[in-house]
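Protein chains: 2
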Amino acid sequence: MATIHDVAKLAKVSIATVSRVMSGADPVNPKTQQRVLAAMEKLNYRPNGLARNLRNLRTNVIIALMPNIQNPFFSEVIRGIEDGAREAGFHLLIGNTDGDRGKAKEYMALLDESLADGLILTTAQTDQAFLDEFAAHRPIVLACEYMEGSTIPTVSIDNISAARKVVKHLLALGHRRIAHIMGPNEVILSRARLAGYRQALQQHGLEVDEMLVQEGDFSLDSGYRVTRKLLSFKRPPTAIFAANDEMAIGAIRAIREHGLQIPDDISVAGFDDLTVSSFVSPSLTTIQQPRYEIGYRSVEMLIRLIRSEPLAQTQVVLDDSLVIRESSGVPKEHM
Amino acid sequence: MATIHDVAKLAKVSIATVSRVMSGADPVNPKTQQRVLAAMEKLNYRPNGLARNLRNLRTNVIIALMPNIQNPFFSEVIRGIEDGAREAGFHLLIGNTDGDRGKAKEYMALLDESLADGLILTTAQTDQAFLDEFAAHRPIVLACEYMEGSTIPTVSIDNISAARKVVKHLLALGHRRIAHIMGPNEVILSRARLAGYRQALQQHGLEVDEMLVQEGDFSLDSGYRVTRKLLSFKRPPTAIFAANDEMAIGAIRAIREHGLQIPDDISVAGFDDLTVSSFVSPSLTTIQQPRYEIGYRSVEMLIRLIRSEPLAQTQVVLDDSLVIRESSGVPKEHM
DNA sequence: ATTGCGATTGTAAACCTTTACAACTTTTTG
DNA sequence: CAAAAAGTTGTAAAGGTTTACAATCGCAAT
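Taken in sequence, the protein lines are chains A and B. Just so we're aligned, residue 1 is where the first sequence starts under my numbering, counting upward by one. Just so we're aligned, residue 1 is where the second sequence starts under my numbering, counting upward by one.
To be clear, the hints were calculated from the coordinates, so they are not data collected in a lab. Among the hints, a few may not be true.
Each pair may be met inside one copy or between any two copies, as identical chains are not told apart.
Said to hold, decoys possible - Straight-line C-alpha distance at most 30 Å; calculated DSBU-like pairs for lysine-lysine:
(1) LYS31 - LYS42
(2) LYS332 - LYS234
(3) LYS234 - LYS165
Based on the sequences and whatever the hints tell you, model everything.
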């Protein structure tokens, strides 16, 4: 591999001049520049990024941590992050934590080893004190989740009000026995959506039947299993609100296998509006959230942090919207 | 940030000794070691990875390039890659190309800038000559796709025979007008699956009706659109074989909207066996391929290449299997 | 006492850039 | 024509490691 010294020697200039030709920061005599460019071409010279990074103490790498790449929700967020990163000249390192805090910490350590410039967390398991401490001295942005009482810059929707919106929709259709399939309890997001569910019922003067709140893990399969359980009750729910679309699709499968019609016998609503949700049958009532934009805005903020530029806003809340499709309808007794 | 010099000074040793304590390669007097460890602890020392990488001319980063992170097929492959990489102490940089060759080349350039040690391509657009040349001097593995006549190490299934298997299944059920929704023609994989489709028909003594071969782009939506077109024909097909599950799910939607029953009026088969494919209604007949293993084996090979270790095999072909579910059945006229 | 050896540690170069500063050349100005 | 300014280039240090090689020390063997 040719180095800058080889180029300098061939072009009969100093290495400083070669560097200047590359960066374009300082003026270089056009003739000299030509010689240098010719030499670089001839030697097929490629600057060594490691040396450059060491000198600059910058890597132009940002890390995005997510609990599960497989979840299509996150892959759209990633797209936003990746596009934003690209535009600013950053590369994206993706870390899959599988919800494992140890893995997450491994990735976080890369910041301290100068192997990455910043970090985006798409799900904070609740080690809030640790996280706050960590974020105090390092560029970090929290995407998708809002952490009560934290000062970490955040981009998300208002999960509580969004969940409330879904449940109110079901209430307005006439449902009274509405179940909730929540995500893992240790995920902040899950608890926020559950809170919205409770609020809607309470505002409607209804008690929450704790039997109707069941925990899943955001996977298709968990939605399927939990729904079978719900259907086995003496008084099964007339509507199910799942904390994400995947679990809702699992629920749909379980309901159909049970010989019931959607939405005639039972309504289903999800959360996230995955692309597939408008293609499944019945198509899914759900909350559309600006996943791409969440990613894009997060990385924008992160890069400002990295550059020590001031943030206009430290907590960004984006709009969501309820998308009503075939899976939710008036309950039977009301028809 | 404390450096190795600070640690050395505090522990009253040379930087070489500190380095030795970290690497554990050379022997160090236990007492000295204790002093050094204490100093590191006290200063909260973290070695600078950039400096280490520059010195070693290694980054421990590998890049995985894919056309589309959003495709759930790839996210499972990524998991395999990521796990394999982690186990070997490598980090994974994910590059989304959007099928754009320019973006792909940008990522590939990172190898020449010493910012990554190796590359896994999950889809080769056909710039075969360029790719062969590029791979000749750099650690590269091709995952998912087999490139005819290339010497680039590859891990994949036999797409031709797998596609043949699907079509033979449909033929065995009695179908004669079988459509194929292929992937983008410039993707090798798409052409392989098309080839399998043709072979199966020919081996059965049937002509290929070129009207029944339509091109999609692997997205749900393209499957939907193409199917509407197929259904508008005077003599629509009695079965549709889509080159991936997403297009198949799009096809199902279009067929239902058209008021037809699956599989009574028309059968559908996909390719990939996404998790969601067993949850949609009707559940999908498809080809199961070992996505995780493809990723895992690819990275294994790549790391051997990076370490200049010999490869036992340069072209690995893994097993696939046909999964028959609800979406395929006997055509009407045969019932 | 001398020699030799193993164990341990230190010195200094190398990895390849970027950039502050100095130096030199050419042009402009009075 | 001298002096100042502008334009161009070079020198050398710095960024933080790893490691080949040399040096030192203690101790056993002769």
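> Of the hints given before, which are not true for this structure?
Replying inline: none
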